[in-house]
Amino acid sequence: MNLVDKQLVKNKMGMRLIRNKLIKQLFLMATLFAIIILGTLLYRIFTQGIGYLDWEFFLSFASRFPEEAGIKAAIIGSLWLMAITAPISLILGVGTAIFLEEYASKNKWTRFIQMNISNLAGVPSIVFGLLGLTVFVRLLEMGRSIIAGGLTMSLLILPIIVVASQEAIRSVPNDQYEASFAMGATKWQTIRRVVLPAAIPGILTGGILALSRAIGETAPLLMIGALTFIAYLPENIWSGFTVMPIQIFNWTSRPQEEFHYVAAAGIIVLLVMLLIMNSIAVFIRNKFSKRY
Amino acid sequence: MRKTKHFVLSMFILLTLGTLAACGNGDGSSSAEEEQKVEVDGSSTVFPIMEAVAEEFSAENPDVKVPIGVSGTGGGFEKFIAGETDISNASRPIKEEEKKLLEEEGINYTEFKIALDGLSVVVNKENDWVNQLTVEELNKMWSEEKGVKTWADVRDGWPEEEIEFFSPGADSGTFDYFDEVILDGAQIRKDAALSEDDNVLVQGVSGTKNGIGYFGYAYYLENKDSLKVVPIVNSSGEAITPSQETIQSGEYEPLSRPMFIYVKHESLKNDTVYNFTKYALENAGSMSEAVGYVALPDSTYTDALNKLDEITEK
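Residue numbers (my numbering), protein chains in the order written: chain X, 1 to 292; chain L, 1 to 314.
These are computed hints drawn from the structure, not numbers from a lab. For each residue, glycine too, the CB sits at the ideal point set by N, CA and C. Watch out, some of these pointers could steer you wrong.
[What the hints assert, rightly or not] From the structure, some residues in chain X lie toward chain L, with a derived Cβ separation under 7 Å: (1) Ser63; (2) Gly225; (3) Leu227; (4) Thr228; (5) Ile230; (6) Ala231; (7) Tyr232; (8) Gly240; (9) Pro255.
Model the full structure from these sequences, guided by the hints.
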């Protein structure tokens, strides 16, 4: 008995192989498209900006002379902003995630909250800027300060951190809980000693990626009135500040071409900073996720 | 069990908000008085001039802080009305409704002109037929309802090639000014490519044979090798090319526009703000030329300085 019609297979074989090749080429092109665009971008920025990238660039404030302009105030401003945003958003975000995953009972109410958090992650950043302007700058009278900017940024990335942390907590195997409870541990002990250590790589990866978004964000900060020119460094959280994307945006909008090169140098610095942050995220994930 | 949970949760929220509010009120208001600080915000067009002034001023007075924001002319006035800034930069005169709000808040202020800009109408380098344009022709070209499609529709004898339009975005003061003096309230054509970034307009016009666009004089000056500027016929019938001289003398009109700073009288009582304003008026001429704008005649600055001393009775 002949179960397979060899002739039919033979006839179709050529077409199948061609289709296979075609699909492979298609996906390869999709990948190449992204890589070529990235490559062009990097090439343009590096050829334009590298000439302006020296120690002076890191050590000087903004200036009306392109060759004297530097990014010092913006780098320090971005670091200050991170120093406020990182702890606030991580503490509130992980706290929310733990509550929603471990304590809250699954009912309509929590589902409603859950849905809203996911929706918030998709709200345009300028809306958070408006919120920050009304609540932090005006209502709480914080002014155009680092703390107002940091809190606004925390709100912006909070939903992302909550969702990432929830995913991480949810992926801790159930056996672990049961084992812990069987040993007589309380809920808090279980969360602290078992769940969090297991979930920390996921939480930190999500957190750092969210912070990378915050460091490249301009719109909400322009909205709350972050400054563009400051010739001094922030002293405390009540000082005015500027950040790298705002400074870069300002340089690119200048008529003088030299400023566009200065902007390219600024973009290199920002890219390197993002690269470092993302590498840390990858490093943490690889180092700690070997536990299971 | 559930009750305590809710209680703890609400206490936590209250505490967080409470501390934030307390910090906000305490520190925010006191720090402004001790420090030597001049808060400036407003138009991004005026920004380069004030940045240059602040850079020099900070070099001479290292203790004084002059933070400058770019919220746009409208956004700057909003902060000025809220009492958050000492000086507001503007690329257009203050509007009636903004005046009214300032009055309601009891804020007295004075307007100073600090520089001039000449909106330059530009076409592609290869465009060899446009040698001058009148205000009427500009109006005809740019308004939606006049239905101009090709150069031939603008003036007889020009080629029948479709024109492509490039304009600054509707949020910019440049657009506002063009809208006021050229369009006179008419709807701008909907097929015009709008961009908030003037460099994009420069690239658009220099890369499109039948392109036409307008933007600040500095952007033309920086790109004059790749663009052709169009002389505009002024009210006395002469076609004038925008240049340092024609803009300053007022011959290049109606597309020359002044740029302003608005200073709060209350702030001028503070020596730091007074000194900075004085310094700005003394140096605005040279600084604006340095960043690509055009200085006003010297007498305007002298008058402004006298006015400043009148206000402060010094």
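Status of the hints after comparison with the structure:
{"no.": "1", "hint": "Ser63", "result": "6 Å, holds"}
{"no.": "2", "hint": "Gly225", "result": "5 Å, holds"}
{"no.": "3", "hint": "Leu227", "result": "4 Å, holds"}
{"no.": "4", "hint": "Thr228", "result": "5 Å, holds"}
{"no.": "5", "hint": "Ile230", "result": "5 Å, holds"}
{"no.": "6", "hint": "Ala231", "result": "4 Å, holds"}
{"no.": "7", "hint": "Tyr232", "result": "5 Å, holds"}
{"no.": "8", "hint": "Gly240", "result": "4 Å, holds"}
{"no.": "9", "hint": "Pro255", "result": "4 Å, holds"}
In terms of the numbered hints stated before, the structure departs from none.
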